[in-house]
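S.K.: Sequence:
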Amino acid sequence: MRGEEVSTREPLVVGVDFGTLSGRAVVVRVRDGAELGSAVSEYRHGVIDRILPQTGHGLPPDWALQVPSDYVDVLRTAVPEAVRAAGADPADVIGIGTDFTACTMVPTTADGTPLCELPEFADDPHAYVKLWRHHSAQPQADRINALARKRGESWLPRYGGLISSEWEFAKALEVFEEAPEVYARMRHWVELADWIVWQLTGTYVRNACTAGYKGILQDGRYPSAEFLEELAPGFGSFVDDKLVHPLGALGAKAGGLSAQAAEWTGLPEGIAVAVGNVDAHVTAPAVQAVEPGQMVAIMGTSTCHVMNGAELREVPGMCGVVDGGIVSGKWGYEAGQSGVGDIFAWFVEHGTPASYVDDAREAGISVHELLTRLASMQEIGEHGLVALDWHSGNRSVLVDHELSGVVVGQTLATRPEDTYRALLEATAFGTRTIIETFERAGVPVTELIVAGGLVKNPLLMQIYADVTNLPLSVAGSAQSPALGSAIHAAVAAGAHADVPAAALAMGSVRRAVHRPIAENVKAYNDLYAEYAALHDYFGRGANDVMHRLAARRRTVRKGLHR
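Residues 0 to 561 in numbering that gives the first Met the number 0 are what the sequence shown spells out, letter by letter.
Hint data in this document are derived by calculation from the structure and do not stem from the laboratory.
There may be inaccurate statements among the hints.
[Unchecked claim] In the SDA-like style, the derived pairs of lysine to any residue whose C-alpha atoms are separated by at most 20 Å in a straight line are: (1) K557 - P59; (2) K455 - R553; (3) K329 - A309; (4) K455 - E416; (5) K455 - G475; (6) K329 - E290; (7) K329 - G292; (8) K455 - E368; (9) K149 - E313; (10) K329 - E438; (11) K329 - A496; (12) K455 - S507; (13) K455 - M376; (14) K149 - P315; (15) K329 - P291; (16) K557 - D122; (17) K455 - R509; (18) K521 - P470; (19) K455 - S375; (20) K521 - E381; (21) K329 - P156; (22) K521 - N468; (23) K521 - S375.
The whole structure should be built from the sequences, with the hints applied where relevant.
M.R.: Below you can see the structure in the form of structure tokens.
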């Protein structure tokens, strides 16, 4: 928050960012982007990845579900609380915009009711929201990729040659094959970015961003019925029966706020509701990164890398390139890492001894802060370790969620802060791999702009600057996705001409806050060479041990849950 007083009768907008664990609402002044009030609502059910609460039954490996009513609770609580925190008159709010994690999917009836809310499907996990990090559809993704290569499908190179298990088609095929009753009852296979707008307006509008990046919509066409039928007999009608729907452009008005949603949020009925968007892509205008060469890394539980390009290029292992996928008139590129903050959190929870927890408590800081302090006292390479950041699989550039984490070099003298620093460095190496892949494909990266909660860790930010040898700019807002959604809401309400104009007026960024240090760059070049060797050895087929272990784990755990 910037702390300015609200000017009476000035137009305001609300942005709501639906993350992995919570939803955040922010009230923003249209004139200059001043953030006047915010609130957070934690999801009551969180991420369901072990036990289905309704039945107590265990879930198979690599599952990640959510409960859609948690998202509506955000509208009921965070939005009115943010308006109260701003000291604003709800009558001054002219629009609301939202963003969501992607690819997060839910099967619904014709009127948008999630199937998990129907009594007959309450105990079927396939009827619930499949969160972006639901990775159990990897076998389906593998078959999609193999058939697309065999047939020479023209859309495959637009996604770096690989379709992810996180995306719409792989997850839908999983439902089709494993839960035919759910698939038959499903009328719409809906991105949550669109479902939440449906709840706000009463109208289903499919956004162009997720359709392009996650739904394989290229040049106005989805994969053909012939392709889908060859993939799985009976699946050929999936696009026509379950997926296709009119598209809304980013920044356009999806509809007016319904009477029900007005009651939930306390906002005026009929105000503009922006077409849905993805948390990463909506962040680019929030940090004024709408020109080619400006890569935005939204760093949280995972990292998504987005940037605009002037030309169409095929970048191996990226998550997609879409015409107008970020802003109109430019090619929007996306890549990402499936685990970043999640990896650090995992290590703190499972790899830190009780003595460190006690020390942190005594010092009045978090365990993360304690490990960061200790790790920052080391010279580069002092820990003698190199790690692979694949604890949640690899999104880019290998697009393989059967891969897993590795730490090489541990001895009996290895301390928790050593491993923690190696994991920080591994995620930076993963980002460098992505950047170098873009540059080799003819898409130059001239600036790295970081947003998300991890910008608060100065050691991590300096490591990224040194590893990538790029100046790191930092988002001016602590809630950039929500600010980006507010920017789109302002455009949808007609307060700004287009998204770039709104970004210039309302966006916020601090340029080159962290600069690479020459001697550190040299030291990290040596460590990165070791990372790259391990990356290719385990990730490009020289040793498939990770796939074999994943298959064994899946077989054993499925047997235990029968």
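S.K.: Hints first: check each against the structure and report whether it holds.
M.R.: Quick rundown of the hints versus the structure:
1. A threshold of 20 Å between alpha carbons decides the hint, and for K557 with P59 the separation of about 6 Å falls inside it, so the pair holds.
2. At roughly 37 Å between alpha-carbon atoms, K455 and R553 are farther apart than 20 Å, so this suggested pair is violated.
3. A hinted pair counts as satisfied when its Cα atoms are at most 20 Å apart, and K329 with A309 qualifies at roughly 6 Å.
4. Of the supplied pair hints, the one linking K455 and E416 holds, its CA atoms being roughly 18 Å apart against a limit of 20 Å.
5. Proximity of K455 to G475 is assessed by CA-CA distance (about 12 Å); at most 20 Å being required, the pair is judged to hold.
6. Pair hint K329 plus E290 holds up; C-alpha atoms about 9 Å apart against a cutoff of 20 Å.
7. About 12 Å separates the Cα atoms of K329 and G292, which keeps this hinted pair within 20 Å; it holds.
8. Among the hinted pairs, K455 with E368 is consistent with the structure: their alpha-carbon atoms are about 10 Å apart, no more than 20 Å.
9. Among the hinted pairs, K149 with E313 is consistent with the structure: their alpha-carbon atoms are about 19 Å apart, no more than 20 Å.
10. As the CA atoms of K329 and E438 are separated by approximately 17 Å, the hinted pair is consistent with the 20 Å bound.
11. Using a Cα cut-off of 20 Å, the hinted pair K329 and A496 holds, with the two alpha carbons roughly 17 Å apart.
12. Taking the CA atoms of K455 and S507, the gap is about 16 Å. The hint holds against a cut of 20 Å.
13. Restraint check: the Cα-Cα separation between K455 and M376 comes to about 18 Å, which is no more than 20 Å; the hinted pair holds.
14. With a C-alpha separation of about 18 Å, the suggested pair K149 and P315 falls inside the 20 Å cut-off, and the hint holds.
15. Simply put, K329 and P291 have alpha-carbon atoms about 8 Å apart, close enough for the 20 Å limit, and the pair holds.
16. A threshold of 20 Å between alpha carbons decides the hint, and for K557 with D122 the separation of about 17 Å falls inside it, so the pair holds.
17. For the given pair, K455 sits about 13 Å from R509 by alpha-carbon distance, which is consistent with the 20 Å threshold.
18. Distance hint between K521 and P470 is fulfilled; the C-alpha atoms sit about 16 Å from each other, no more than 20 Å.
19. The suggested pairing of K455 with S375 holds, with an alpha-carbon distance near 14 Å, which does not exceed 20 Å.
20. Pair hint K521 plus E381 holds up; C-alpha atoms about 15 Å apart against a cutoff of 20 Å.
21. Straight-line distance between C-alpha atoms of K329 and P156 comes to about 18 Å, which keeps the hinted pair within the 20 Å bound.
22. At roughly 9 Å between alpha-carbon atoms, K521 and N468 fall within 20 Å of each other, so this suggested pair holds.
23. A threshold of 20 Å between alpha carbons decides the hint, and for K521 with S375 the separation of about 18 Å falls inside it, so the pair holds.
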